[in-house]
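Chains as they are written, first to last, in our numbering: chain B, 1 to 143; chain U, 10001 to 11284.
Keep in mind the hints are simulated off the structure, nothing from the lab.
Check each hint, because a few of them may be wrong.
[What the hints assert, rightly or not] Calculated cross-link-like contacts (lysine-lysine; reagent style BS3-like; alpha-carbon spacing at most 30 angstroms):
# : chain 1 : residue 1 : chain 2 : residue 2
1 : U       : K11211    : U       : K11253
2 : B       : K34       : U       : K10946
3 : B       : K38       : U       : K10815
4 : U       : K10933    : B       : K116
5 : U       : K11101    : U       : K11211
6 : U       : K10594    : B       : K34
[To be verified] Partial list, derived from the structure: chain U residues whose beta carbon lies under 8 angstroms from chain B:
#  : residue
7  : H10856
8  : L10857
9  : P10859
10 : D10862
11 : H10951
12 : T10952
13 : F10958
14 : R10960
15 : T10962
16 : G11147
17 : T11231
18 : W11232
[Stated by the list, open to error] Beta-carbon label-pair distances, calculated as ranges:
#  : chain 1 : residue 1 : chain 2 : residue 2 : range
19 : B       : A82       : U       : G11106    : 35 to 41 angstroms
20 : B       : A123      : U       : L10726    : 56 to 62 angstroms
21 : U       : D10765    : B       : A82       : 38 to 44 angstroms
22 : U       : G11106    : B       : L56       : 43 to 49 angstroms
23 : B       : L56       : U       : S10841    : 54 to 60 angstroms
24 : U       : T10987    : B       : Y37       : 28 to 34 angstroms
25 : B       : A123      : U       : E11273    : 50 to 56 angstroms
26 : B       : W71       : U       : E10983    : 43 to 49 angstroms
27 : B       : A123      : U       : E10983    : 21 to 27 angstroms
28 : B       : G96       : U       : P10771    : 28 to 34 angstroms
29 : U       : N10591    : B       : A1        : 57 to 63 angstroms
30 : B       : C120      : U       : E10654    : 28 to 34 angstroms
31 : U       : E10708    : B       : T46       : 46 to 52 angstroms
32 : B       : V141      : U       : N10591    : 20 to 26 angstroms
In this text, a Cβ means the ideal position worked out from N, Cα and C, and glycines have one as well.
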Amino acid sequence: AFTFAAFCYMLALLLTAALIFFAIWHIIAFDELKTDYKNPIDQCNTLNPLVLPEYLIHAFFCVMFLCAAEWLTLGLNMPLLAYHIWRYMSRPVMSGPGLYDPTTIMNADILAYCQKEGWCKLAFYLLAFFYYLYGMIYVLVSS
Amino acid sequence: MSAPAESPHPAASARISPKLGGATASGAATPAGPGPAPHQQNGPAQSQMQVPSGYGVHPQNYIAPSGHYPQGPGKMTSLSLDSQCGDYYSGLYTVPTQNVVTPNTANQQPGAQHMYGRGPPAPHIVGSTPGSFQGATSPTLHLHTSAAQRYSHFVNHYSSPAMYSANSSVASQGFPSTCAHYAMSTVSTAAYPSVSYPSLPAGDPYGQQMFTSQNAPTVRPLRENSFSDHSTAISHPSPLPPPPSHQYHQPQSLSGCSTLSWSASGLPSTQHNIVRNHTGSLATANSNPTNTVTDSLSCPVMQNVQPLKSSPVVSTVLSGASSTRTPPAANRPVEPVASVTQPSELLQQKEMITAQQEGTVPKEVYHKGPKVKEGMQYGDYVNNQASSAPTPLSSTSDDEEEEEEDEEAGVDSSSTTSSASPMPNSYDALEGGSYPDMLSSSASSPAPDPAPEPDPASAPAPASSAPQPSKMAKPFGYGYPTLQPGYQNATAPPNSGVPPSSPGYSGFQPYAQYPGMNQLSSSLGGLSLQSSPQPESLRPINLTQERNILPVIPVWAPVPNLNLDLKKLNCSPDSFRCTLTNIPQTQALLNKAKLPLGLLLHPFRDLTQLPVITSNTIVRCRSCRTYINPFVSFIDQRRWKCNLCYRVNDVPEEFMYNPLTRSYGEPHKRPEVQNSTVEFIASSDYMLRPPQPAVYLFVLDVSHNAVEAGYLTILCQSLLENLDKLPGDSRTRIGFMTFDSTIHFYNLQEGLSQPQMLIVSDIDDVFLPTPDSLLVNLYESKELIKDLLNALPNMFTNTRETHSALGPALQAAFKLMSPTGGRVSVFQTQLPSLGAGLLQSREDPNQRSSTKVVQHLGPATDFYKKLALDCSGQQTAVDLFLLSSQYSDLASLACMSKYSAGCIYYYPSFHYTHNPSQAEKLQKDLKRYLTRKIGFEAVMRIRCTKGLSMHTFHGNFFVRSTDLLSLANINPDAGFAVQLSIEENLTDTSLVCFQTALLYTSSKGERRIRVHTLCLPVVSSLADVYAGVDIQAAVCLLANMAVDRSVSSSLSDARDALVNAVVDSLSAYGSTVSNLQHSALIAPSSLKLFPLYVLALLKQKAFRTGTSTRLDDRVYAMCQIKCQPLVHLMKMIHPNLYRIDRLTDEGAIHVNDKVVPQPPLQKLSAEKLTREGAFLMDCGSVFYIWIGKSCDNHFIEDVLGYPNFASIPQKMTHLPELDTLSSERARSFITWLRDNRPLSPILHVVKDESPAKTEFFQHLIEDRTEAAFSYYEFLLHIQQQICK
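All chains, full assembly: derive it from the sequences and hints.
Here it is as structure tokens:
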């Protein structure tokens, strides 16, 4: 049946697709940095505005799942939500929004970390995408 | 002798060849002569071994020139050294010239021969081999050259001893070279004699080498025969040598005249081989045969050889030359064979002598050697700093030319005789010799002359024993000399009781230090005391029981364990250092060693000599864009292989032609390939826009606080004095801004009657009041500028404005500078309190001595960082002068310089009258700051061999990509550090190279590229990694990492990490030593200072806890750690303490006709301070002279100019110029220390009782403080940690 939960899953499905694009963009951006195609200042300027939207989108459907009382799904998303909060709390001193500081981004450790983060998120979002698809169908079919 | 020697040859060769063959491609060649073959082959082989790409060959070739010089004598070496080493061996330079001056017939001849070998060979070939044989000819040429050179070498070696007795003048020339050789040889060769024998066969080997390289074993015999025939024939004609020589020759006789020369050369070469063996790669296989021969023969040979020297030498040389000349005909037939083989040789050896030259050859060849050098002076090359270098160069070149002319006739013939590419060996020998010579000369000790004599005598004995140990040596782990030989020579004499011998032997030390070479070292020990203070880098030391861990002479960079020619070519450690001079093969090995891997750079250092190259095409690798450098390999004349990415590149047509020498086809002789530090004049390809003019903008704080501090007077005065010395050309522009709560601009447009002040009070939206005329041409508006500078100090005397709008002022400065780029100098005296970028006081004074958390090490705002990035993007650097008495949040302000590649100066408690020492310091710093070199719109790229990658950069810059640093400005006092990681295993290479290329616009509007290349060996064993630790570099890199850690994490984290670095590395070492006593704290000698330096770091202002440290002081110390070059940073971390009330001339060095005493270093402990003494502490940026309470009144009176201790004033910052010996010594010593650094340190005289003594005592880092360990306690702490 088309319940609120089903709606949440459909919404999450769409938003996760968007997040997957975010993640791919992220990965490409850092790859470009690593291969010297882009100036770190430019790259940070393009990446930083995208950080909060991504986090907010994720937080948004987490709240939706909370409202729909989809506890399992919420539980699966909590670690990422917590990570996002921690990540943003520990960002470098910046006046604007975002995470990435052009002066430190080229540090090999940070670059590698960001790349790894991108891949992990991509994997997570992809799995989540299919989980939401399953969840949506399950909710629609059940009852 | 000869018979045995010969007989062994074949056999030996047979044996050797397989071994060598395994090691090297050229191995096949070896069979010919046991002794010589190994030498020659070894030379190439080793080079090949180590450097697959053919490093060895190149260097050798390159070196060859140097070799010539040294022999011809000393000059060349000096030159080469200079270019490479720069300031380092400045002392050496002078000596070589002297050597040059002496016109020894004998020497000249050798020199001529050398010349021969190089240039001439081509001519020889010409006659014999037509174009078809070009390939062949070239090899032959090589052979020739090698033979000739060796010969010369030989002559030098032998002759030198003889020379001594015979001619003083000769001695002088021969001496240095010989000494060096000896030194080399002694260690390596007791071998000498033995070597010589092999050398006899060497003639064969030469040929063989040729063949072998060519891979035509069958050919060898033919070759050898032919050679021998020629040689024999030749030799006979030449009334060579006395019996002893005959012995050689006889065996050689087979080989002929050439053999003589060869044998001679062979000796050196063998020595080289031995040395190399020691070093490692080939050692066992080669050494054995050679050694055996050597042992039996050694003593006699030596003697024989020596006799030859004096009289024979000349004759021999001549004979050699003549022989070479005559042989051509004979050789010619042979040559075809050679030619066949040659191609391979070319590949391997890469000697680039072209057949094409053959026609023209004679002259060209001659010219080449000298001309190259001259080139440095006149031609395309321009010595930047012509003053020092030119004279020696010119003299050498002249001499050489003369020599060449003499030999010209012979050249043609000689070319025919040319043998395989043994050159490297000979070069090595030469270089080795030259080195010591240089050193000895630099040392100014009388030693040089006496040295040679002792050598011969001493050499034989040690030789016999020594060679075998050498065999033992590991492939790469040769010796790891902690001190540079030169240095040792200079300082050591006082310590060592045997001054004369020491210089000669000093050269050995590196070898002597081999691990496991106890015999050698012991034998050497008798020869030179110097070796004793330098233990092998792997000798285990029980730290807790070693009371005097600090050497009495300053610690010098370890020399990478490369073969000699590479060593010679390598970049000066002043510019380029690696924490591990032996690069571990894998990341796993590096992790096991627990040592930081990284580079420390000082790329824009003031150099006394720098080859500058103007060329339309700058030769670079097409795939990785590496600049051609001495460590590339030439596959043939037309192609070179990049040493970083291994791509094979074409040699451009233009590169084939050497305009300086007007010769063609010797790309390996171009200065790019002969110097590891060069500067190119870049073409427009390297410009994004026309080179910018020098633009200087001064942004001055004129708030009440600033006026009160009174810095304006000093600044304006300095500027007035140095206005004409500002680096720049006719386009130089300058501007001034002042600010308090408003921003003041100054219109200095030409034609105004007086400077016009324009005030902008809208600090929220800063704009420029006029579009131009704020930055004006220095020369057109000089009068106005002077008016302004005269008026400025008094313009704001009555200001009541206490606010400071630094942020808006910087924004305005950015707007002003952005069209051109340039340098902004900001003078700030307080916390910015208005407009953008305002800061709050973050320091809690009660927390200054907290042992727990130190906060606010990072910036409070990113305003300054963003501004800096904007500036950097517009090629503008911001230099910050912070002169404040209160907290000014340097952590935030420093960002404006950090990321724009500026520099930071901090003068705490600055006041022009209350704190005269700071005022004086500002004055001196300004003088340096305003007049030092500057490079604009610079970028620096650091490349390294495939497999290594850059991890993190330290310094002031903006990292624009993984290996590219954006430097708006570069100044000579900027240092950088790079952490490296090993991404791919380096198993398929034995050498790695690092190259920094700094592209900048000079103040004259020229686009230039300064390139430094460093080459290091790769090792696979943990012991070798430990043996190659450059502890100073490692500590400096750790300090940089610790700064990052304290900012990103916390200070206590950083401190723990520092301690852990010691604990980990020592425990890792402990686990490699099987017989470790667990109760003791064992460290390899190379790491023995590690705990001490880390303790010093922990007590450094940047990292100390528990001692009251102002936040700004701490942050400034961190900034300095990040951007100081290693030499200065080390003094900051671990000051040098000297006792100066008893200076003597013992061991003194001579600098510019002044005697500079060299007192021993004292350890930094109060136990060394006696009340009867006076001590000088050199902390880099400040000197303290501590006067003990019961210091000798004579000293106080003679040096300080006061009658007794009580009358010395509390604040004393100068030593009076008194006309007493002790005063003169003290002052010359202090002046010498000062001259060694860019920023002139201020001097504080500290009385024992004065309150200022705490300043002094806090630097005694081995002592206990309330908050920190003493050195011994620290060791116990480490031991405890290890045992956990």
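Against the structure, the hints come out as follows:
1. K11211/U with K11253/U: Roughly 11 angstroms between the alpha carbons, so the hint for K11211/U and K11253/U holds.
2. K34/B with K10946/U: Holds, at about 16 angstroms.
3. K38/B with K10815/U: 25 angstroms, holds
4. K10933/U with K116/B: 43 angstroms, violated
5. K11101/U with K11211/U: 23 angstroms, holds
6. K10594/U with K34/B: With a Cα-Cα distance of about 27 angstroms, the restraint between K10594/U and K34/B holds, given a limit of 30 angstroms.
7. H10856: 11 angstroms, violated
8. L10857: 12 angstroms, violated
9. P10859: Cβ of P10859/U sits 6 angstroms from chain B, so the hint holds.
10. D10862: At about 5 angstroms, which falls below the 8 angstroms cut-off, the nearest Cβ of chain B leaves the hint on D10862/U intact, so it holds.
11. H10951: Hint holds; H10951/U Cβ to chain B Cβ min 4 angstroms, cut 8 angstroms.
12. T10952: 5 angstroms, holds
13. F10958: 7 angstroms, holds
14. R10960: 6 angstroms, holds
15. T10962: Holds, because the Cβ-Cβ distance from T10962/U to chain B comes to roughly 6 angstroms (cut-off 8 angstroms).
16. G11147: 46 angstroms, violated
17. T11231: 41 angstroms, violated
18. W11232: Violated: closest Cβ of chain B sits about 40 angstroms from W11232/U, beyond 8 angstroms.
19. A82/B with G11106/U: 35 to 41 angstroms: 37 angstroms, holds
20. A123/B with L10726/U: 56 to 62 angstroms: At 58 angstroms between Cβs, range holds.
21. D10765/U with A82/B: 38 to 44 angstroms: Holds, since D10765/U and A82/B (Cβ atoms, about 42 angstroms apart) stay within the stated range.
22. G11106/U with L56/B: 43 to 49 angstroms: For G11106/U and L56/B the Cβ distance comes to about 46 angstroms; the hint holds.
23. L56/B with S10841/U: 54 to 60 angstroms: 36 angstroms, violated
24. T10987/U with Y37/B: 28 to 34 angstroms: Between T10987/U and Y37/B, where Cβ atoms are some 31 angstroms apart, the hint holds.
25. A123/B with E11273/U: 50 to 56 angstroms: 51 angstroms, holds
26. W71/B with E10983/U: 43 to 49 angstroms: 45 angstroms, holds
27. A123/B with E10983/U: 21 to 27 angstroms: About 24 angstroms separates the Cβ atoms of A123/B and E10983/U, which means 21 to 27 angstroms holds.
28. G96/B with P10771/U: 28 to 34 angstroms: 30 angstroms, holds
29. N10591/U with A1/B: 57 to 63 angstroms: Between N10591/U and A1/B, where Cβ atoms are some 58 angstroms apart, the hint holds.
30. C120/B with E10654/U: 28 to 34 angstroms: 52 angstroms, violated
31. E10708/U with T46/B: 46 to 52 angstroms: Holds, at about 47 angstroms.
32. V141/B with N10591/U: 20 to 26 angstroms: For N10591/U against V141/B, whose Cβ atoms are near 54 angstroms apart, the range 20 to 26 angstroms is violated.
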